[in-house]
Every structure is written in structure tokens, then in C-alpha cells.
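**Q** For the protein sequence lines, the chains are S and F, in the order given. According to this note's numbering, the first sequence holds residues 1 to 243 in order. According to this note's numbering, the second sequence holds residues 244 to 478 in order.
Don't take every hint at face value.
To be verified - Far from chain F, by Cβ distances over 10 Å, these chain S residues were calculated: (1) ASN56; (2) LEU145; (3) MET161; (4) GLY215; (5) VAL220; (6) VAL228.
Stated by the list, open to error - Here are some of the chain F residues that sit facing chain S, going by a computed Cβ distance under 10 Å: (7) GLN249; (8) LYS288; (9) SER295; (10) LEU309; (11) ASP313; (12) LYS316; (13) ILE324; (14) PRO328; (15) GLU329; (16) PHE387.
If you're looking for bench data, these hints aren't it; they were derived computationally from the structure. Glycine included, every Cβ here is placed at the ideal spot set by N, Cα and C.
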Amino acid sequence: MKNWVMIVFTALLFLATLGFFALEGQNEKAVIGLLNLSLLLVPMLSLIFSITYYYNMYDFLLLILAQPIKRKKSIFSLYLSLLIVFSLSITIGLGLPLVLFNPFSTSYLLLLCILLLSAVFIAIALWAAVFTNDKSKGIGLSLLLWVYFVLLFDGILLLGMYNFADYPIEKYVLFFTFLNPVDLSRIMVLMQTQTAALMGYSGAIFKQFFTTQQGLGIAVLLLLSWVVVPLTFAFNKFKKKDL
Amino acid sequence: MIAFEQLNKKYGKHKALENVSLSIPKGRVVALIGPNGSGKTTLIKSFLGLVSLNSGDIFFQEKSVLKQSDYRKHIGYMPQISRFPEHMNVKQLFDFMRSLRKDVKDYDWDLYDKFEIKKLEKKRLNALSGGMKQKVSAALALLFKPQLLLLDEPTAGLDPKSNEVLKSKLLNFASEDRLIIITSHILSDLDDLVNDVVYLIDGKLKFYESINSLQEKTKESRLTKMIAERLEMKN
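Kindly produce the complete structure, drawing on both the sequences and the hints.
**A** So this is what it looks like as C-alpha cells:
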């Protein structure tokens, strides 16, 4: 289902990517700039778009469910169609120029993280949408969630780090970041760049973890579970829901 | 064909269905009537599996439908308000619905033809008038040759000619030993069509009688009057 919003989204991403590479002399700076931009934009856009899509499709879903279609199948198809549209958009808008200008591991990792991140936030959006039938409540909830993941979480983390600065808390900080898919992605990509060297002692712990094959593997698995867990909640709630 | 056994459904504090039990055989056309909030929509939704019950069971062709989805192969549903995605056109809608039902190869295009839906093929669903959407809904409900037709306010929004087209299709359909259940507030449209009347009020079954029986009891010939009279009678 072609939707002009997605085309605009793709175009935006494409332009932004081009823009960054054009502005920054060093490729790596451009990648980091892109990282920050997309970490901010992609979750929000995935959340808002997906949740409005769900509410728009709600009535049609009822018609579909009057056919011999299982509930799980219908909501899963909804998720998949959203995922496919976003993946295409991200791959073309972000991936294509990235790989053209900077065909190194950093770019691929960035692409992978952003793709996974969109999968995560579409899942979260569906969960929020299934939770409440009220459109405004649903959108409000997803915006709140965005603020939490992108802003609040880091705020809390910083507070904690500041207050406990004298204690050897690095490991705990590491584990804490697992609770936020955005931070997880950010660190994964940052660690591949040279900025990691500038981060001092805490940076060393992160670097230790994230540059090993094992560490990266675990991080990807964690992101995947960030997809699976909200999805499962969403599916189960949808199965039992009165429509 | 359908049996409802001791259905109970509460939305918060509101009792939508209270101990409703009903058994409807096939080969009939049944009117499901009652004031707003009487439980008609909840009854239909619980039958379609859109809403879960607090207690009770529903049987279709002697098998329980709770938590099942397969039985809906045999059901054609026409909702009160057409619920279509905005960006699809009519042709895409029909193609999509057919792709959902790969089990059916033999379609009933009768209403589709009689309503001249082919002319609307390229039109976007959100560009259709209310009446046109109703025609599309009706044609879809009959497309897969169901054994049970569930129509929720089918005639509201249809012009007189289309109304007659639908009615004659339904009469034709009914004579083939299937079951039709129609909810409607416009009882005059149901004259000459229905055999039985189910009347719900406040989530409870008030009466379930055939037209003949109602006619005898009330000495009236029009459905509206029959029902009004009957409601005055014994509880």
C-alpha cells in the first residue's frame, strides 16, 4: 500500500544522508551525525506512523476477522506490512547513500541497528495501540514512550552516573543500557568509530564489550528480544480483546 | 443451525447480554429486533468471535464456535457501517477479500452484477457514497456462497430500487435451505421477507416467535404493528 508519507520519509532520509556526507569532511563524522539524527527520528516516526495506521485499519480489521482468519495472523500481517514498508524506506533512504559513500563496517552496522530499531518501535506502537481503543490515548502513550526512551532514560542514567561517580559502576551502567534499545544501538555504532577512544575509562568497558564478536552478537540478540517481547504482549492482548 | 446457550456479557457494569438462550434452525429468515442497547450487536459480535463472553456457549452446526475461526467460512457478514481502508479501490478490495479465501473457487457474482459494481471498480473506497458502500458490503457478504447470512441494518442507506434488488436476492437465497439473520430498525423493509422475529430488550430475550404466530395473536398484518402489540402482551 503505497503511502505518500513513506515516500516523503524516504526522501528525507536520503537527503539527510547526502547532506551529512557533503558537509562533513571526514566520513566518520557524517556517520555519527546520521546516527544521532536517525536515533531521534526513526523511533518517533515508526511509533506515530504505525499507531495511526493501526487505528485507521481498525474497522477494516473487523471486516477481515469476520472471515475465517485467526486473530494472530491478522495482527501479524499488520505488523509485517508496516515492517516491510519501513525497511524498504530505510534501506533506500539511509542504506543506499551510506553504503555508496562509506562502504565500511560502521555503515552496515548503523543500517542494521536502524532497521532493528524500526522493528522495535513498530512493535511497541502496536502494543500501545492494542492496549487502548482511544486514538488520542494511544498516540499520547506512544509519544510518552518515545520521550522515555530517547530522553528520560538517558537523563536517569546520567543522574545515576553522576551520583555514584566514585563507585565502580561501569558494569552496571553497561547492563542498564540493555534496557534501552536506542542506547544500545547508539553505543554499538559509536564503538566502531574512533570517538570511542575519547571516552575514557567508561568507554573502555563499553569498547571491551562491544567490539568483540560475542559482545556484538549479544547486543543484536538483545535488540531482537526488544522486538519479540512487545510483539508477544501485543499479540496476546489482541487475541483476547473485545473488538 | 445456531444455538446460543446462556450467554452473559458485561461491559464494565453494563449487562449487554443476560442469560440469553436461543436456538435457530436453518431454512428461515429471522429478524433480530430491539431498541438500541438491547444487545443485538453484542449477540452478533459474540457469534462472530469479535467479542468474548463472560459465560455461555455458542454453537454453529452443532459445534462450538468459541475461540474458533474456521466456522466463519460458512458465514457472510454485512456490517452496519462499511469499514473499508481509504486508499484501496473497489477492484483491489474484491481481489484482497478473495485472496483471504483461497478455499473458495466458486463465487456468487449475482449481487455484484445486479448492483453494477463493475462500474465502480476503479473508484477509491473513500470516494464512494454511503449507498454505494452498502452495495459493496452486500455483494461481499454473498460472494463466497455462505450458508449463514448475517446482515446488520442492510437496508439503511439503500435507495428503493437497490432495496428491492437486495430483498429479491435474499428471498432467493433463503429458499435454498440456508439461514438469514437480519437486524433492522426499518421493519417495513422486512415485510414479506422474514419468517421469525427475535426480540431483545435490555440484554434479555423478550420473545422469539414466527410471523404466523404473531399474526394470530395480535390480529395485525404489518410487522411494526404486530411487534408493538405483542410487546404489550404477556411478559
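**Q** Would you mind marking each hint as holding or not holding in the structure?
**A** Evaluated hints:
Non-interface status of ASN56(S) relative to chain F is broken: a Cβ of that chain comes within 10 Å, the nearest being about 7 Å off. No Cβ of chain F approaches the Cβ of LEU145(S) within 10 Å, the least distance being about 26 Å, so the stated non-interface status holds. Against chain F, the non-interface label of MET161(S) holds: every CB pair exceeds 10 Å, the least being about 46 Å. At the 10 Å boundary, the C-beta of GLY215(S) stays outside the reach of chain F, the nearest C-beta of that chain being 44 Å off.
At roughly 35 Å, the least C-beta separation between VAL220(S) and chain F is larger than 10 Å, which holds for a residue marked as non-interface. Separation of VAL228(S) from chain F is adequate, the least Cβ-Cβ distance of about 24 Å exceeding the 10 Å criterion. Among the interface hints, the one on GLN249(F) is violated; its C-beta lies about 19 Å from the nearest C-beta in chain S, farther than the 10 Å criterion. Given the 10 Å rule on beta carbons, the hint for LYS288(F) holds: about 7 Å separates it from the nearest Cβ of chain S.
Because the smallest distance between the Cβ of SER295(F) and any Cβ of chain S comes to about 6 Å, under 10 Å, the interface hint for this residue holds. Interface restraint check for LEU309(F): the shortest CB-CB distance to chain S comes to about 12 Å, outside 10 Å, so the restraint is violated. Taken as an interface hint, ASP313(F) checks out: its beta carbon lies about 5 Å from the nearest beta carbon of chain S, inside 10 Å. A distance limit of 10 Å between C-beta atoms decides the matter here; for LYS316(F) the minimum to chain S is near 5 Å, and the interface restraint holds.
For ILE324(F), the shortest C-beta to C-beta distance to chain S is roughly 8 Å, which falls under 10 Å, so the interface hint holds. Interface hint at PRO328(F): satisfied, since its Cβ lies 5 Å from the closest Cβ of chain S, which is below the 10 Å cut-off. Nearest Cβ of chain S to the Cβ of GLU329(F): about 7 Å, under the 10 Å cut. The hint holds. Residue-level restraint check for PHE387(F) holds (minimum Cβ-Cβ distance to chain S is 8 Å; threshold 10 Å).
Checked against the numbered hints listed earlier, the structure breaks hints 1, 7 and 10; every other hint is satisfied.
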